[in-house]
Amino acid sequence: MTLRALGGVVIARLYVQRRVLLYACAAAFVVGILQPEGAAGPVVFCSLLGIAMALSQSPGRHPHLDRCEQGAPLFGRELARAKGLVPYFGASLAALSYASAQTVRGSHDAAFDLLIALAAVAASTSTALCASIRRGWSRILYILLAFTAGTMTYALAVTAHALLAGFAFAALATFLALRQYGEALARYDPVEDL
Amino acid sequence: MPLLRMRNASFEGGGASAGPVTLDVFPGERTALAFGSAREASIVALMASGIVKPSQGSVLIDDFDPRIQSINCKRVAALVPHEPCGLNESEFVRYVLYRAALWKIEPRRALAHAQLLRKRLSEMHEAFAFPLIGALVGMPKLVVLDRPAAAYAPQTLAVLEGRAVFSTHASASEMRAFLTSPFTASGRSGTPA
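First to last, the protein sequences are chains A and B. First residue of the first sequence? That's 1 in the numbering used here, and the numbers climb one at a time after it. First residue of the second sequence? That's 195 in the numbering used here, and the numbers climb one at a time after it.
Hints were generated in silico from the structure; no laboratory data involved. Errors might be hidden in some of the hints.
Restricting the straight-line Cα-Cα distance to at most 25 Å, the calculated cross-link-like pairs of lysine to any residue (SDA-like) are [to be verified]:
1) B:Lys247 x A:Asp189
2) B:Lys247 x B:Glu283
3) B:Lys335 x B:Pro278
4) B:Lys335 x A:Arg179
5) B:Lys298 x A:Val16
6) B:Lys298 x A:Gly182
7) B:Lys298 x A:Arg139
8) B:Lys298 x B:Glu317
9) B:Lys247 x A:Arg81
10) B:Lys247 x B:Glu206
11) B:Lys313 x B:Glu283
12) B:Lys298 x B:Ile262
13) B:Lys298 x A:Pro63
14) B:Lys247 x B:Asn266
15) B:Lys247 x A:Arg135
16) B:Lys298 x A:Phe29
17) B:Lys313 x A:Arg77
18) B:Lys313 x A:Gly76
19) B:Lys335 x A:Leu96
20) B:Lys313 x A:Leu21
21) B:Lys335 x B:Leu254
22) B:Lys298 x A:Arg179
23) B:Lys313 x A:Arg139
24) B:Lys298 x A:Arg135
25) B:Lys335 x B:Asp257
26) B:Lys335 x A:Asp189
27) B:Lys247 x A:Val16
28) B:Lys298 x B:Arg314
29) B:Lys298 x A:Leu22
30) B:Lys298 x A:Gly7
31) B:Lys313 x A:Arg135
32) B:Lys298 x A:Asp66
33) B:Lys247 x B:Ala210
34) B:Lys247 x A:Pro73
35) B:Lys247 x B:Glu223
On a predicted model such as this, the values are computed, not experimentally measured, just so you know.
Whenever a hint applies, use it, and build me the whole structure from the sequences.
Here it is in structure tokens:
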């Protein structure tokens with residue numbers, strides 16, 4: 001996949017969700033002002049935002065983008081990477097907004113909390129993407145798994161004081177989830193939204 | 195060699211079924227088929243453009259099998275979806291550049307081509323014109339129309355002249371609109387085999 005095609009998918013999807021993105025950043029700033037201490041706040045809040053943004057990539061939410069991408073000469077894994085970047089970028093912006101609020105409130109750990117939030121967001125959004133093309137129980141299970149992936153990153157990095165283990169877990173979870181999403185996209189027949 | 199060859203191609207899954215369909219569409223030829231329901235017509239259009247893989251039978255697009263060579267199929271065939279596009283004129287350039295990026299077409303060339311097509315389709319509402327122009331940005335050999343608007347049949351067929359066109363319809367009357375337009379020289383119609 002060329003960088004141009006990747007950018008095309010990401011920019012088009014972020015453009016149609018620009019209002020949601022703005023509200024997410026504003027909400028993250030407000031929550032950051034209210035809860036400036038600790039990494040739990042940004043991890044939980046931004047992971048939830050990331051999961052919601054990942055689910056908004058479900059087929060049928062933006063039909064004309066879905067049809068363009070389904071009809072484009074792209075492999076499932078290429079499309080998975082591009083679509084995976086959209087909620088990650090959105091939730092990362094919200095995490096940045098949260099960190100800005102923490103800094104405004106005088107928190108000294110804002111940079112550290114931001115790093116952990118970015119890792120947790122990667123694990124949770126990429127896992128939640130797998131839920132976006134499923135229905136019923138498997139969808140619910142993937143959403144729970146996505147939240148668990150974010151929480152696990154936090155638990156390893158903060159509670160167990162094993163920062164590198166937390167990052168390694170997030171990287172592994174992201175890789176496996178994106179791979180699984182790519183394979184699912186390659187096999188996906190978009191007839192349910194007809 | 196036909197650009198589109200369907201042999202007893204049927205789809206079943208996700209609570210939907212369609213086909214079996216058997217047909218050949220040769221370069222420059224136009225074929226229209228009417229189906230019993232809008233959903234079936236839509237699924238057959240998706241199969242013909244390589245987006246949905248047949249559960250049984252076979253579909254070959256320019257001799258490529260969508261089950262294993264979907265990328266090649268999608269370079270040959272372009273789908274014009276039934277649903278009108280929810281974009282307005284101010285988003286035209288953005289839309290064309292997006293399509294050009296996905297199909298790896300040089301942006302300036304894609305934009306010039308799209309603007310030319312927009313002029314030719316000036317009578318057509320943007321919601322119907324954009325998907326058609328978008329499909330042509332990738333320079334496909336085969337254009338698959340999913341239940342195209344009968345009201346715009348002459349304009350649609352005029353810009354598709356010279357290309358292989360396969361259209362699916364939910365009723366015979368809509369199909370006739372595409373067969374009685376001035377561009378019917380090589381048009382064929384029928385019902386699923």
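Verification of the supplied hints:
Taken as a hint, the Lys247 (chain B) and Asp189 (chain A) pair is honoured in the structure, with Cα atoms around 7 Å apart against an allowance of 25 Å. The hinted pair formed by Lys247 (chain B) and Glu283 (chain B) fails the criterion: a straight-line CA distance of about 34 Å is larger than 25 Å. Of the supplied pair hints, the one linking Lys335 (chain B) and Pro278 (chain B) holds, its CA atoms being roughly 23 Å apart against a limit of 25 Å. Restraint check: the Cα-Cα separation between Lys335 (chain B) and Arg179 (chain A) comes to about 32 Å, which exceeds 25 Å; the hinted pair is violated.
Using a Cα cut-off of 25 Å, the hinted pair Lys298 (chain B) and Val16 (chain A) holds, with the two alpha carbons roughly 22 Å apart. The straight-line distance between the Cα atoms of Lys298 (chain B) and Gly182 (chain A) is roughly 21 Å, inside the 25 Å bound, and the hint therefore holds. Simply put, Lys298 (chain B) and Arg139 (chain A) have alpha-carbon atoms about 34 Å apart, too far for the 25 Å limit, and the pair is violated. Note on Lys298 (chain B) and Glu317 (chain B): the hinted pairing is violated, with a Cα-Cα distance of about 29 Å set against a maximum of 25 Å.
Note on Lys247 (chain B) and Arg81 (chain A): the hinted pairing holds, with a Cα-Cα distance of about 22 Å set against a maximum of 25 Å. The straight-line distance between the Cα atoms of Lys247 (chain B) and Glu206 (chain B) is roughly 10 Å, inside the 25 Å bound, and the hint therefore holds. Taking the CA atoms of Lys313 (chain B) and Glu283 (chain B), the gap is near 12 Å; set against the 25 Å cutoff, the hint holds. Distance hint between Lys298 (chain B) and Ile262 (chain B) is fulfilled; the C-alpha atoms sit about 21 Å from each other, no more than 25 Å.
Restraint check for Lys298 (chain B) and Pro63 (chain A): satisfied, since their Cα atoms lie roughly 21 Å apart, inside the 25 Å limit. Only pairs whose Cα atoms come within 25 Å are accepted, and Lys247 (chain B) paired with Asn266 (chain B) is accepted, the gap being roughly 14 Å. In summary, the hint linking Lys247 (chain B) to Arg135 (chain A) is supported, as the alpha carbons are separated by about 20 Å, within the 25 Å threshold. For the hint pairing Lys298 (chain B) with Phe29 (chain A), the CA-to-CA distance comes to about 39 Å; that exceeds 25 Å, so the pair is violated.
For a cut-off of 25 Å, the pair hint linking Lys313 (chain B) to Arg77 (chain A) is broken: about 37 Å separates their Cα positions. Between the alpha carbons of Lys313 (chain B) and Gly76 (chain A) the distance comes to roughly 35 Å, so the proposed pair goes past 25 Å and is violated. About 46 Å separates the Cα atoms of Lys335 (chain B) and Leu96 (chain A), which puts this hinted pair outside 25 Å; it is violated. This hinted pair does not check out: Lys313 (chain B) and Leu21 (chain A) have alpha carbons roughly 35 Å apart, beyond 25 Å.
Distance check on the hinted pair: Lys335 (chain B) and Leu254 (chain B) sit about 14 Å apart at the alpha-carbon level, within 25 Å; holds. Proximity of Lys298 (chain B) to Arg179 (chain A) is assessed by CA-CA distance (about 24 Å); at most 25 Å being required, the pair is judged to hold. Proposed proximity of Lys313 (chain B) and Arg139 (chain A) is contradicted: the alpha carbons are some 45 Å apart, above 25 Å. For a cut-off of 25 Å, the pair hint linking Lys298 (chain B) to Arg135 (chain A) is broken: about 33 Å separates their Cα positions.
Between Lys335 (chain B) and Asp257 (chain B) the alpha-carbon distance is near 13 Å, which keeps this suggested pair within the 25 Å criterion. With a C-alpha separation of about 23 Å, the suggested pairing of Lys335 (chain B) with Asp189 (chain A) holds against the 25 Å cut-off. A C-alpha spacing of about 29 Å is found between Lys247 (chain B) and Val16 (chain A), which places the hinted pair above 25 Å, so the restraint is violated. Taking the CA atoms of Lys298 (chain B) and Arg314 (chain B), the gap is about 24 Å. The hint holds against a cut of 25 Å.
Of the pairs offered as hints, the one joining Lys298 (chain B) and Leu22 (chain A) is violated, with about 30 Å between alpha carbons and a cut-off of 25 Å exceeded. For the suggested pair Lys298 (chain B) and Gly7 (chain A), the alpha carbons sit about 12 Å apart, so the restraint of at most 25 Å is met. A hinted pair counts as satisfied when its Cα atoms are at most 25 Å apart, and Lys313 (chain B) with Arg135 (chain A) does not qualify at roughly 43 Å. Proximity of Lys298 (chain B) to Asp66 (chain A) is assessed by CA-CA distance (about 18 Å); at most 25 Å being required, the pair is judged to hold.
The straight-line distance between the Cα atoms of Lys247 (chain B) and Ala210 (chain B) is roughly 13 Å, inside the 25 Å bound, and the hint therefore holds. In summary, the hint linking Lys247 (chain B) to Pro73 (chain A) is supported, as the alpha carbons are separated by about 15 Å, within the 25 Å threshold. For the suggested pair Lys247 (chain B) and Glu223 (chain B), the alpha carbons sit about 23 Å apart, so the restraint of at most 25 Å is met.
Hints 2, 4, 7, 8, 16, 17, 18, 19, 20, 23, 24, 27, 29 and 31 from the list above are not met by this structure, while the remaining hints are.
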